[in-house]
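**Student:** Here is how the chains run, residue by residue.
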Amino acid sequence: MLEVFKADVVIVGAGGAGLRAAIAVADADPSLTVALVSKVYPMRSHTVAAEGGAAAVTQPHDSLEHHFNDTVTGGDWLCEQDVVEYFVAHAHEEMVQMEHWGCPWSRRDDGHANVRAFGGMKIERTWFAADKTGFHMLHTLFQTSIKYPSIKRFDEHFGVDLVVEDGRAQGVVTIEIATGEFRLIQARAVIIATGGAGRVFRENTNGGIVTGDGMALAYRHGVPLRDMEFMQYHPTCMPRTGLLFTEACRGEGGFLVNKDGYRYLQDYGLGPAEPSPRNKAMELGPRDRLSQAFWHEKKKGRTIDGPLGSVVHLDLRHLGERKLRERLPQIYELAEEFLGVDPARTPIPVVPAAHYTMGGILADGKTAAPLAGLYSVGECSSVGIHGANRLGSNSLTELIVFGKVAGVEAASFARNVTNSNADVLKRQADAACERALGIVTRQGGAERLAVLRNEMAKSMESGCGIYRTGTDMQATCAKIDELKARYRDLHVDDHSRVWNTEWLLAIELGYLLDVAQAIVYSALNRKESRGSHQRLDGFEQRDDANFLKHSLATYAGAAAPRISLSDVKITKSMPGTRAYGAAGEKAEAQRKLQGAAHG
Amino acid sequence: MSQPRNEVVGGRRPYRRSMTGWWRRDPFFVRYMIREATALVVAAYSIVLLAGVLSLAQGEAAWNAWLAAMRSPISIALNLLMLVGMIYHSYSWFEIMPKTMPAMFVGGKRVTAATITMFGLVAAVAAALALFAAAWVLRP
Amino acid sequence: MAEAGKTIEIEVLRYRPEQDAAPVTQSYRVPFTDDMSVLQGLQYIKDHLDGTLSFRWSCRMAICGSCGMMIDGRPKLSCKTFLREFHPGKLRIEALAHFPIERDLVAGVDDFLVKLESIKPYLIPKEPRRLDEGEYLQTPHELERYEQFSSCINCMLCYAACPQYGLDSKFTGPGVLALLHRYNADSRDGGRDERMQLVNAEEGVWSCTAVGYCSEVCPKAVDPANAVNQNKVNSAKDYFLRFLRPRGARNGASK
Chain F
1 MLEVFKADVV IVGAGGAGLR AAIAVADADP SLTVALVSKV YPMRSHTVAA EGGAAAVTQP
61 HDSLEHHFND TVTGGDWLCE QDVVEYFVAH AHEEMVQMEH WGCPWSRRDD GHANVRAFGG
121 MKIERTWFAA DKTGFHMLHT LFQTSIKYPS IKRFDEHFGV DLVVEDGRAQ GVVTIEIATG
181 EFRLIQARAV IIATGGAGRV FRENTNGGIV TGDGMALAYR HGVPLRDMEF MQYHPTCMPR
241 TGLLFTEACR GEGGFLVNKD GYRYLQDYGL GPAEPSPRNK AMELGPRDRL SQAFWHEKKK
301 GRTIDGPLGS VVHLDLRHLG ERKLRERLPQ IYELAEEFLG VDPARTPIPV VPAAHYTMGG
361 ILADGKTAAP LAGLYSVGEC SSVGIHGANR LGSNSLTELI VFGKVAGVEA ASFARNVTNS
421 NADVLKRQAD AACERALGIV TRQGGAERLA VLRNEMAKSM ESGCGIYRTG TDMQATCAKI
481 DELKARYRDL HVDDHSRVWN TEWLLAIELG YLLDVAQAIV YSALNRKESR GSHQRLDGFE
541 QRDDANFLKH SLATYAGAAA PRISLSDVKI TKSMPGTRAY GAAGEKAEAQ RKLQGAAHG
Chain B
1 MSQPRNEVVG GRRPYRRSMT GWWRRDPFFV RYMIREATAL VVAAYSIVLL AGVLSLAQGE
61 AAWNAWLAAM RSPISIALNL LMLVGMIYHS YSWFEIMPKT MPAMFVGGKR VTAATITMFG
121 LVAAVAAALA LFAAAWVLRP
Chain H
1 MAEAGKTIEI EVLRYRPEQD AAPVTQSYRV PFTDDMSVLQ GLQYIKDHLD GTLSFRWSCR
61 MAICGSCGMM IDGRPKLSCK TFLREFHPGK LRIEALAHFP IERDLVAGVD DFLVKLESIK
121 PYLIPKEPRR LDEGEYLQTP HELERYEQFS SCINCMLCYA ACPQYGLDSK FTGPGVLALL
181 HRYNADSRDG GRDERMQLVN AEEGVWSCTA VGYCSEVCPK AVDPANAVNQ NKVNSAKDYF
241 LRFLRPRGAR NGASK
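Chains as they are written, first to last, in the working numbering: chain F, 1 to 599; chain B, 1 to 140; chain H, 1 to 255.
Where hints are given, some of them may not hold.
A short, non-exhaustive set of chain F residues, derived as facing chain B with CB atoms under 7 angstroms [what the hints assert, rightly or not]: (1) Ala178; (2) Thr179; (3) Glu181; (4) Arg497; (5) Val498.
Hints were generated in silico from the structure; no laboratory data involved. Glycine residues also receive a C-beta, built at the ideal position from the N, C-alpha and C atoms.
Extracted from the complex, chain F is given alone in its bound form (with noise of 0.2 angstroms):
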């Protein structure tokens, strides 16, 4: 029996982007039905877990164009500069609509909003609320969506497949997960904001609810992938579990060390190093640099070893215990609880983890996919901010500056069409339910779900780490295909339809391997290196002859994935080479004296 429920917007995914996108579309025109869809209850959407900030360009010695710089720059020219452009215009006024909302943004004296220090930003622009920005974001986006009575959610419902119809995005199939039955969401326009994809890795900072499902949806719907190649690690990690120790321990002055308490940091280009922090120098590097400085230092077996494995210490004792209660209240109890360390005596153990997907659905600078009637944003889409590196305090800008666009468009499309025929649209629903239904009807299987997973992030790790060579990822290729084989003769022990995680669990498990072949398949092609993607096999060089172009993926079913190329947008920044700490002072200093040249 399958539910119908008749919206005119509906949303997959309550994080910041889908909450943010929800109030637009309520904003732009309360006529309109807006079905908000998450899997899990909004508060728990992985939004909650950002903490260091949001950047929007504040301070009067600050520009737009200096954002501008600071974000090519960081993603090693692979943006679309003119979303660029529009992204870094409507940052403040967003981060103030924040705070009509309620935000609770950490403040100076004056009572204005605080901005502070991040990586790879020339001058401080990023707001804060203490260190639990996501978290505040997220609850002042769910806390503010109850207003509006046209939002309708439907909790803890999951998102199993599109309704595409006459070329266009009508629906998503769901499964209430407390009864397990399934509920078709028609509407005549599709936000999918369903986050990242992190869990394909297997030491990854993410919630487990991070499996690219929208993504994957997308995917098989024909629409690309774009730019899935480039994978973020974030510099400074818990070791084994990931847990993520903000990018603002370093923006408040921490310091990276190796097992000989020597900044190494300063060896990769980013120093000299000095007593306090500097922005993009040292520890304000982007993310990119940092990780694979570890990388370096691992291999030159300058690391510390210990029961945690291989790691470097974050040492942010000489900021004292009063400031960092203060300014990092999450990340001292992070380090007392789960590592039994006390920061302002100890230095933290840190490694590299996989963080945040660049890449993601095919998006325009309005949030639309090829597909018409859907969009994407937050860290599922490919907006074109990011390139080939996101800069820290970006991404949830991202979220709330596209979340309204993203709103603002559906409401307009969905304002001027119609849907196709219901019974139409219920036969394709019907179908996905059978579709879904057989993964926990199925009797038998030789595969088990967790051993499917753990070969999944094992493989990804060692073909799509830090550093990667063309062997490795062609291992890692044959392996992806390899399990997306296995994965048909999968068991479940739990055939049952209440509350049934472990089916929930398969069908993710589904979007992951998905995922993970464009991801593998798109870093193969990529015969360069840029930004996150770094190779170690002849490619070592960016080459923006050839490759200063989109990698895009496209879903071929059981076969791999198909690879193409498409251009970037160059509007304003031509590409040059990223530097930061004294080489990327000399490099602005050249950089300006060449513009007043030109007058």
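Place chains B and H on chain F using the hints.
**Tutor:** Chains B and H in isolation, oriented as in the chain F frame:
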């Protein structure tokens, strides 16, 4: 918006666990129940004192009878028990008192709950001592 | 995975409505290391011993609020409770108390969401302000007055700790009342009068008997007991001052 799921659909059969004996399940609850029970001790003692006041109103004979009853061994034992109850009552009262107050700041720093409780206890002890001193000075 | 030898017995209260008339206990033996959380123990069971065990979880770092359950009779977050604390004894786990069990360790928490939505949990600005006028000003001290109450992760451990909620679920409860107070105490908010009705109601602050266990178990030091009980004073003041000051004369922005 969320709707209370009064009607249960599909295979759902939510199971409601019993609250019988809830307060025995956790030492915290046991302490709470003792705290609440000591209110009865306070009530009992007020009745004893009230009886004394009424006896006083009825004249010397009634008053002496009440005093004699108070001096009996059983009465002294009961009074000691009630005293223990009252002390615990006072202590637990000041322990929960900070929860009833908005945050207080002295010199820019937040006053902790422990500080408030301590002040309360000290004030209570001081008042009791003052009362004893007065009774001693005014003794017949 | 696990190093040499250490195991712990985990006894879980199972409940599969499609086959069980009532909850039953089931024991599992789980190998563990000192840094493993109870959540990781449950994941081990699901991955390797019994795929039918259902439980909620996500962030693993005590910020999403999903993994609340009764661990040895106390409401705790399973991601932040460590197996080593219970070894060599047995560890008993069941779904969060005072909520109905939907399945295994999954409690039915719709009631919490309904209550959360009922208190107008959003900023009702005291004064209007356009976006181009920038942010409202709020000093660090003003922020401090409510920041603690804004840290609630909606984990509902306080509801599992509150016997009044357990005895009568009409009580709005500690977490939601703390959120209500968060907004009333925010210097930018002018919606206090609108929320007063809920505060004053029987199911508002007056169902609370200051047990205080909610604040004990709160993993984020929100201190909901304080939020509820200081509002008893506000509620009493409101009741008596009502006779002196007509309602609606104050500038409370309406929805």
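**Student:** With reference to the structure, classify each hint as holding or not holding.
**Tutor:** Against the structure, the hints:
no.	hint	verdict
1	Ala178	6 angstroms, holds
2	Thr179	3 angstroms, holds
3	Glu181	5 angstroms, holds
4	Arg497	5 angstroms, holds
5	Val498	5 angstroms, holds
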